[in-house]
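> What follows is the residue order along each chain.
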Amino acid sequence: MMNFDIKKSKGRKIRPKKIVDVVLTYTGLIIISLIFLFPVLWLVLSTFNATGIFSAYGFFPQEWTLNNFRILFADSEYLMMLYNYPRWLLNTLFVSFFSMLFGTGLVILTAYTMSRFKFRSRKRMMVMTLLLGMFPSFLAMSAVFFIMAEFGLVNNLWGLILIYSAGAPLGYLVQKGFFDTIPNSIDEAARIDGATSMGVFFRIILPLSKPILVFTALTAFAWPWSDFILPQILLPDRDMWTVAVGLNSLDDTQFARFTAGSVLIAVPIITLYFILSKYLVSGLSSGATKG
Amino acid sequence: MIKAIKQKFIGIGRLFGSANPKTILSMFFMGGGQLLNKQWIKGLIYFVIQVGIIVYFVLRGAADVAGFFTLGTVAGNPAQGIEGDNSILMLTMGLLAIIVVIIYLFVWTINIRDVFDTQLRVKSGKKPLRFREELREFIDKKFYKTILFLPVLFVSIFGIIPIIFMILLAFTDFNAGTFPGLANWVGFATFGELFRAGGIAPTFFRILGWNIIWAIATTAINYFGGLGLALLYNKKCVKGKTFWRLFPMLAYAVPGFISLIAFRFMFSASGPINQLIMGDGGEIINFLGLDATWSARAIGIGVTAWLTIPTSMLLATGILSNMNKELYEAAKIDGATGFKQFTKITLPFVIFATTPVIIMQFVGNFNNFGIFFFLRQGVSESPGMYVATDTDLLVNWIFRLTVDNGLFNIGAAVSLLMFIVTSTIALFVYLRSPAYRKEDTFR
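Going down the list, the protein sequences come from chains A and B.
Numbering-wise, this note's numbering puts 278 at position 278 of the first sequence, and it's gapless, one number per residue.
Numbering-wise, this note's numbering puts 1227 at position 227 of the second sequence, and it's gapless, one number per residue.
Derived from the structure by calculation, the hints contain no laboratory data.
For clarity, every value in this text was computed on a predicted model and none was experimentally measured.
Just so you know, not all the hints are guaranteed correct.
[As the list claims (entries may be wrong)] Once the Cα atoms are required to be at most 30 Å apart in a straight line, the calculated BS3-like pairs of lysine-lysine come out as:
1. Lys1235/B x Lys17/A
2. Lys1325/B x Lys123/A
3. Lys210/A x Lys1126/B
4. Lys1241/B x Lys278/A
5. Lys18/A x Lys1236/B
6. Lys1003/B x Lys123/A
7. Lys1142/B x Lys210/A
8. Lys1235/B x Lys278/A
9. Lys17/A x Lys1141/B
10. Lys1127/B x Lys1142/B
11. Lys17/A x Lys1126/B
12. Lys1126/B x Lys1141/B
13. Lys1141/B x Lys18/A
14. Lys18/A x Lys1003/B
15. Lys18/A x Lys1235/B
16. Lys123/A x Lys1142/B
17. Lys1022/B x Lys278/A
[Said to hold, decoys possible] Simulated DEER-style distance windows between Cβ atoms:
18. Glu1083/B x Lys210/A: 52 to 62 Å
19. Asp237/A x Leu1089/B: 17 to 27 Å
20. Ile1351/B x Glu77/A: 38 to 48 Å
21. Asp237/A x Val1122/B: 32 to 42 Å
22. Ser1156/B x Lys210/A: 41 to 51 Å
23. Met81/A x Ser1156/B: 15 to 25 Å
24. Pro61/A x Gly1335/B: 16 to 26 Å
25. Val23/A x Thr1343/B: 38 to 48 Å
26. Ile1420/B x Phe117/A: 52 to 62 Å
27. Lys118/A x Asn1020/B: 30 to 40 Å
28. Glu77/A x Leu1089/B: 33 to 43 Å
29. Lys1008/B x Lys118/A: 45 to 55 Å
30. Asp237/A x Lys1008/B: 47 to 57 Å
[Stated by the list, open to error] To be clear about the criterion: a stretch of chain B counts as covered by chain A if any three or more of its residues have a C-beta under 8 Å from a C-beta of chain A, and this derived list gives those stretches:
31. 1101-1107
32. 1383-1393
Just so you know, even glycine gets a beta-carbon here, dropped at the ideal spot from N, CA and C.
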């Protein structure tokens, strides 16, 4: 192979092989970015299309409009009854917020105990949770439905919150991985000073756990925000629907409503993800490395 | 194991041999011994639990347990206006009642253990523990019990009971046809029906085969796709890493069902891709239609990759940043090429670190309900299949069997088989993974 060097003004040598590498790398980057960007961009652009029916779409709208957003909140009385987007949005916010609150608390506490206490049935519980997570959740939904019906929690947003919060502790592995990286010596030092387990947790561990708290809260919020199976089964009443159920009920003729509605609920969650991306990466990797 | 059981029996024997009247009282009358020990609050708590359980059993628990075995005695008949027993409700409530019994027995043993401990304390000259002292234990040494109480309770009610319910359902003949009549226990008959020649079995094995191909393909593509992306963004020559990472982050952040519905619109017969094809003078391709076996499958795999590679990318990025850089320096000095460095250093480390995640992703992909539920909504049944399309995974098929067609017992039997398959694989890998066996290595 020929091996001649090009002298750059700074005197650094750049081999042609390296140039090819750089060109290939950037071509790859651009193609990959387009693949990820294109569907999202298409969806966003569609929301501004005045034609409203997606069969008439090119990639860019011929006529721009904000009307698609307007019809979500103000439409004829009949259509508002069918597609009560503001109501769905409020329901979703309500469920997501409280599920986040309770779910985060339960997961963090569970993960902390699983990481710090070496009690007898611990390993057994770890294997159990793995197995439980493997059972496709909606299969058992009919039983959940009967139990909820017995407690009068069907068509009730609190019932949904209860199930999301109750399911949250099963996903404790990531958080446990994080707590595993906090050295035991910190706990022991506090104990010598007379702190109880509860004291250690609230005064020492919790303040150190901001990244994992943010990560947990974010994922706990995003789950109900985009789940559809559970609300579909537990909320038969149209007025109780969450956005996910509502949007899935739209057919081809309501495409404009779908795009505008999805962009509206995607924007807050995307913004949150971007603002908190630092925590996301550290959260995900801490769970992965220590599992 | 046998030794442990033996130990337990010896312990019980000792307990019975040396129990004093207070302890014996607690065996029949929960909290009695505690009250005699002047442990008022604790005794009262046990007492209230006992009374509560008795009241529950008198009011409905006993009937519920009976209903669990009979599954109802009065068959409904709308024509005559007879509202019969609801077998499934009886199954659920009977299950709840049985669980209550088990919990009661558990509390009962704790109660005896507790009063016996106090007896031993008193015997050795100490005073019985005061309530406040015991409470302090629950925020210190037994803090884990305090914390785990709620999660365990919740997971039992909404996780374990429904699963037991599903498993039980596989052994009944309950389906839409039995309603409003009664369901019965039928043993393994449902499984027999499932595997009877020429019946449902061919569909089951066809779907299972595709399901396994699907799970392996998607897991591999997502995993190595994510790793590849992370390595690409980590390259020295890439400027503006944060900017490039924004794009997969975008795909990660959009709620999954929105992306899926959008992809369905995109590939639909009149969607933008077909318009492009028509614009070039081509014919409409029905990518996701009834006959589109492999194009629909390929789109499914591609869309899954689009949805999940960003997650794996974030994960791999985090792991790579934790890696020991010196290894690479050493490898470079020894003259290892980039590819060699990847196969000999990066890959072993990353796979070591992510075994549990791979298992979770494999199971998640195996049970990925959303993909074809959204992508092929409206496509109902492929020729030669039993209420299934050729892209359906087992979960989708079970959904069709149960929710759409009311064949609850068959759906339950299929899900039981499926659970056995996935859990065996996952447990086998998990119990051998370093993450489970050596979890304390890095502490």
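> Holds or violated: are the alpha carbons of Lys18/A and Lys1003/B at most 30 Å from each other?
67 Å, violated
> May I ask you to test the hint 47 to 57 Å on the CB atoms belonging to Asp237/A and Lys1008/B?
Holds, since Asp237/A and Lys1008/B (Cβ atoms, about 52 Å apart) stay within the stated range.
> With the threshold set at 30 Å, check whether the alpha-carbon distance from Lys1003/B to Lys123/A stays at or below it.
Between Lys1003/B and Lys123/A the Cα gap is close to 20 Å, so the pair holds against 30 Å.
> Lys17/A and Lys1141/B: Cα distance at most 30 Å?
Roughly 63 Å separates the two Cα atoms, so the pair is violated.
> Hinted pair, alpha-carbon criterion (30 Å max): Lys1141/B, Lys18/A. Please report holds or violated.
Violated, at about 61 Å.
> Taking 8 Å as the Cβ threshold, is the statement that the stretch 1383-1393 of chain B is covered by chain A upheld or broken by the three-residue rule?
violated (count 0)
> Cβ-Cβ distance between Ile1351/B and Glu77/A: within 38 to 48 Å?
About 59 Å separates the Cβ atoms of Ile1351/B and Glu77/A, which means 38 to 48 Å is violated.
> A range of 41 to 51 Å was offered for this pair. Does it hold for the Cβ distance of Ser1156/B and Lys210/A?
Violated - the Cβ-Cβ distance for Ser1156/B and Lys210/A, about 31 Å, lies outside 41 to 51 Å.
> Are the Cα positions of Lys17/A and Lys1126/B separated by 30 Å at most?
Roughly 83 Å separates the two Cα atoms, so the pair is violated.
> Take a quick look at whether Lys18/A and Lys1235/B sit within 30 Å of each other, Cα to Cα.
This hinted pair holds, its Cα atoms lying about 12 Å apart.
> Would you say the C-beta atoms of Val23/A and Thr1343/B sit inside 38 to 48 Å of each other?
For Thr1343/B against Val23/A, whose Cβ atoms are near 25 Å apart, the range 38 to 48 Å is violated.
> Taking 52 to 62 Å as the stated bounds, is the beta-carbon spacing between Ile1420/B and Phe117/A within them?
Hint violated: Cβ distance 32 Å, outside 52 to 62 Å.
Against the hints set out earlier in the document, violations occur for numbers 2, 3, 9, 11, 13, 14, 17, 20, 21, 22, 23, 24, 25, 26, 29, 31, 32.
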